[in-house]
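Visitor: Okay, here's what each chain looks like letter by letter:
4 protein chains.
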Amino acid sequence: MNTLGTLFTLTTFGESHGAAVGGVIDGMPPLIDVDLDFIQSELNRRRPGQSLLTTPRKEADKVEILSGIFEGKTTGQPIGFVVYNENQHSADYDNLRSLFRPSHADYTYQAKYGIRDHRGGGRSSARETISRVVGGAFAKLYLRTKGVSVTAYTSQVGNLSLQGAYTNYDLSLIEQNDVRCPDPEMARKMATLISEVKGEGDTIGGVISCVIKGCPAGLGEPCFDKLHARLGAAMLSINAVKGFEYGEGFAGVSARGSEQNDLFVPPGEGGTTCVAPTDKKADNVPPIATLTNHSGGIQGGLSNGQDIYFRVAFKPVATLLREQRTVNMAGEAVCVKARGRHDACVLPRAVPVVEAMAAMVLADCFMFYNRYNC
Amino acid sequence: MNTLGTLFTLTTFGESHGAAVGGVIDGMPPLIDVDLDFIQSELNRRRPGQSLLTTPRKEADKVEILSGIFEGKTTGQPIGFVVYNENQHSADYDNLRSLFRPSHADYTYQAKYGIRDHRGGGRSSARETISRVVGGAFAKLYLRTKGVSVTAYTSQVGNLSLQGAYTNYDLSLIEQNDVRCPDPEMARKMATLISEVKGEGDTIGGVISCVIKGCPAGLGEPCFDKLHARLGAAMLSINAVKGFEYGEGFAGVSARGSEQNDLFVPPGEGGTTCVAPTDKKADNVPPIATLTNHSGGIQGGLSNGQDIYFRVAFKPVATLLREQRTVNMAGEAVCVKARGRHDACVLPRAVPVVEAMAAMVLADCFMFYNRYNC
Amino acid sequence: MNTLGTLFTLTTFGESHGAAVGGVIDGMPPLIDVDLDFIQSELNRRRPGQSLLTTPRKEADKVEILSGIFEGKTTGQPIGFVVYNENQHSADYDNLRSLFRPSHADYTYQAKYGIRDHRGGGRSSARETISRVVGGAFAKLYLRTKGVSVTAYTSQVGNLSLQGAYTNYDLSLIEQNDVRCPDPEMARKMATLISEVKGEGDTIGGVISCVIKGCPAGLGEPCFDKLHARLGAAMLSINAVKGFEYGEGFAGVSARGSEQNDLFVPPGEGGTTCVAPTDKKADNVPPIATLTNHSGGIQGGLSNGQDIYFRVAFKPVATLLREQRTVNMAGEAVCVKARGRHDACVLPRAVPVVEAMAAMVLADCFMFYNRYNC
Amino acid sequence: MNTLGTLFTLTTFGESHGAAVGGVIDGMPPLIDVDLDFIQSELNRRRPGQSLLTTPRKEADKVEILSGIFEGKTTGQPIGFVVYNENQHSADYDNLRSLFRPSHADYTYQAKYGIRDHRGGGRSSARETISRVVGGAFAKLYLRTKGVSVTAYTSQVGNLSLQGAYTNYDLSLIEQNDVRCPDPEMARKMATLISEVKGEGDTIGGVISCVIKGCPAGLGEPCFDKLHARLGAAMLSINAVKGFEYGEGFAGVSARGSEQNDLFVPPGEGGTTCVAPTDKKADNVPPIATLTNHSGGIQGGLSNGQDIYFRVAFKPVATLLREQRTVNMAGEAVCVKARGRHDACVLPRAVPVVEAMAAMVLADCFMFYNRYNC
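So the protein sequences, as listed, match chains A, B, C and D. The numbering used here numbers the first residue of the first sequence as 1 and each following residue consecutively. The numbering used here numbers the first residue of the second sequence as 1 and each following residue consecutively. The numbering used here numbers the first residue of the third sequence as 1 and each following residue consecutively. The numbering used here numbers the first residue of the fourth sequence as 1 and each following residue consecutively.
These aren't lab readings, by the way, just hints derived from the structure by calculation. All values derive from a computational prediction rather than experimental measurement. One or more of the hints may lead you astray.
The list treats identical chains as interchangeable, and a pair is accepted whether it falls inside one copy or across any two copies.
Below 20 Å or equal to it, Euclidean Cα-Cα: the simulated DMTMM-like pairs (lysine to aspartate or glutamate) are [as the list claims (entries may be wrong)]:
#	residue 1	residue 2
1	LYS337	GLU196
2	LYS213	GLU71
3	LYS280	ASP33
4	LYS146	ASP33
5	LYS189	ASP178
With these hints in hand, go ahead and build the complete structure from the sequences.
Guide: Structure below.
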């Protein structure tokens, strides 16, 4: 329900206009150095008001860690944290109390629970992703010790789409523009498009791509907990996500097997060498490379030691600053127009959320991976 | 790991060339009439050798139910079942003992476990999906009592793709051709393409679409267990799946919010009426309809009472009846060519698997839905 | 790990001398009136410094609810809460930094994690049970709507033990003395004993008994999640608990089956009538009574509609205000004597913790019970 | 529900008079040598008809392993297994179809599910424990590789009780008598008592004790998954169990803390040396010993490297070969007298079940223990 993971877990709570959002991270390994500045900097990447492209809601979003750390290191105990809500304009939402915004969660929450906090979307607000970013920041601290990195970027906004794979781009440029796109020229076009759409009181969707480097072969569990199934579920749980694909994804279905298969070769005879499994596991497999990586770094549901890459589709935000038809709690036809402060395009701020979710899935998979190897 | 679900669960076991495949269904509600012929008929839809398009491996795949049924009704106790393997040609796989087939799970299983049953892919074989179809058949028996139906079909093979939504097609035609495509003319083209590819010793991928009708508003759990996140994870856990999208999916990201939002209207003023929540839950919401269904029947992670629809991308099968480069256990470059009996395109046989997975996810969600309503 | 339950869950965090303790309650049904005074009053029953018998550590232990409530009612969303720590005398624990207190968790935490917060026992402190009491208070609010009550009391301190079953006592007297024993005369003796032991710098154990009234027949899940197995695990997870028994427990093993069996009779022919299952479930069973209740209200792992009763053994607190031999982190023999503020007997303050754990287990079982009945 | 454990799991199915009992073991580590004779020998210890003391129901109880093993070794894949039922005298139970046996699960199953398989108790029969013994046998194979042993024995039948701790007895004598008691003289008395009770058509309860040797310090998870909480839940899930205690248990509550605390000393200065944590974990703790082991090898919910010991209370079997009052499905007063073949005392056959449950809990805890150590 509100808990992600099995061995590395995040449990979240909090509504957009309640007292606070926060959560509990359980299963964080002990003896990891905690870089609080890094954790806050991850939150800052998600924060509203960070650029002209994002909602002007101004929130410091300062995280307060309540437990699980002793003298700068994790202790293996649960890490409670809280981010108090500030700068709420709840009155902006009074008109939403008794009606259902189109394509929002208003109707479905009301149908499921018979009650909802209508202010700012309540629990269904993307403000909940603050907790995910905190959880992801801790997961990243752990993954660093394993040599694993997770990098996401905006690869499409509306019809503006990067061409080709992540290998065509310099990922170090991602954070240098407000859109978080590694191609500066494309980033400018995307920013212009978002501004235009915003000016119309409308919204626009897009795609976030993500690449994971450094995973040893063998992460993931066969059958129902395949690595890509877990990554997919994590991404699909982010607000506004409508699709997930990894490797060649939907595009690859029209190719032949002879085109899609990634041929194995001995390292040194071309291709890219796979990251070997760690510890004893490496004893039973030879060093190996693949000539291509159409698979997206996952075969049979397990990482194969190549880069893992995937794409996540975000629909345009449902909140529009223009009139729309809808129905109220009495079943009558009415009109609604959002007040308040809203993003015309969520992608720039969703980039750290995608990374956070991927990092937590990987941390959990590492715990499974380790379980019978000691 | 090998268990799907929380309240309605399926745990599976078995390798392609071991003694049997099978599983345990737990959480099946009591007092449901068990139609054994229906269960076997679902397996027959997945069975190899059912048409010229599928692998000639001939297996009766007769399921034996071992528990959980008393005098024709479910008892609420776990349902053990087993399908014994027959007609195995394990010797066909002797050449695979010491090498890794490209884009298969051979290398990753070896890396993770240090041991693998190489015969027919062992545990990573799609033969495991037999157990899923049995679990799905029981889930369907339960869903029938709720008025819910699940229907999947082949919507794309290679570049041959149905145009438009499921509403354009007569879904009663699906089972009338070997490809399981509701458009007979397209089905013929797809069959021809599959045969051509097969003749070349090659393989081809495609897309399976699925539509779920009759779900009341409110199925699914917010946050990490959103209905589409659970459906996505289930689909991505099927062998060869590379992508999942629901509603307008990836195509919808380039539209504006004003184009994608599904406007609410009172029933009778156009649009399609949502299936209301059941029992007491209906007291707190008005009857409602939506003018469109771009959302795919899910808003905020919860069903909204409209049809749920999604698409699943299958890559071309990795097993080719032609020579490919690879590496053996000693790390040496070698060549491999599959012997044995293989599908050139898995989609026709994967249709019942997609339905089964969707049905089990829904059955589980119904249990959650019921939990505080009595 | 730090989460209790499956459908009604509590996840806790916090150390004795960290910033705060708290947690997240997930799965609380919606539309329940939240009585904040009741919740705080439950905490007050657990609070240190409430009487001369308990530790003089003075803490208001004021709970702050951060989410999941809207206009006085639960919303079905997770309830985050926090109790900030105050009045910490961490310096009292400086001498414990580098040694292991006998029969405490100091050594085992160090062995498991390689690090520990030594201040006040850190995470292993019974201060964590604050979060349990908050979770239990919410569970009780839910159980009230089902007509279920949970009542615990101190039935033994040292060798001073109540004779006979709970039916011999007036449970309304429990909260009228500091020991929480329903027999005022025995309560006085117990208080005297605790004071004596305290004066010696020593500690003493005892037994808490608990009775649950109003459960319908059918709560619990057969096999591994039997109702008493879940109650037992919950009780054994409380600090200092060494044993659990229900019904006749250990004493009943020396009886014959003919003495222990609870004979069924039609209601009205003697005995006590079982609380029938609710809703449709009642259609399939007759009204029934039992002549005795040696079973403790549970048969085959499921409630049978009679009172459920059980007993929980608490060892004497390990912290002594006298010198004891031990070993330090360097492996050297040293002596330790506790400073700080400690209970000589935990039972009076553990009574609400036992109730809280029982209430949460029952709330979870009710969710399971409801799941296929709607 | 019907699954035990998180990382090492057993899922069971099957009724007493259905086609078969069986299950799936998931999470068994790979590359473990599988000793099939050992597994069958464990089942033989549980088998009916093995001595004059047990039910004369004759069953070979031959286990058939269906998956998860390749060339004599585990593969890390799920292990499906089945034991077909034979020698059923279902007609013996026809009289039970429409009535509720006192202190059995007949009424509670009927109340929960509205249907039950009345033959031999159906799912609630102790025949389900066959699957537990198979799961436990695999767990023992794993624990052997860790140097851990699990040994249970009958320590009390009726009022006949062994005096003192397990250290007073030669545990190698346990399997040399039908009662499975390490004291041959006491075993004879117990056997006589059981025969007498049987002759009266009555039944008798008792206590099984268990000792676990060789666990490193650090097994178990703090808070809700304390090692003894998990052991307790596992034991309480066994049919007929009414109580669990570890270490000094209920007897210890009347002692003072100064009597119960286990003082630490450096190894070599008396006491018993704790088994150190494995791998890197040992770096952070000194070698240590305890002078006594009142704690039962567990402190703060984690193993401390001493012997773990606990006691399990079994009530007298509810099935009597004499007339008892009860009620039928129509709510009428009737009499019932068991036919069929029944144990007058389950303890001798329950000894391997206690061991199996303990072994599975420990295997699961080892997986948790390993998870962040690699």
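Visitor: Provide an ascending list of the numbers of those earlier hints which the structure does not satisfy.
Guide: 2
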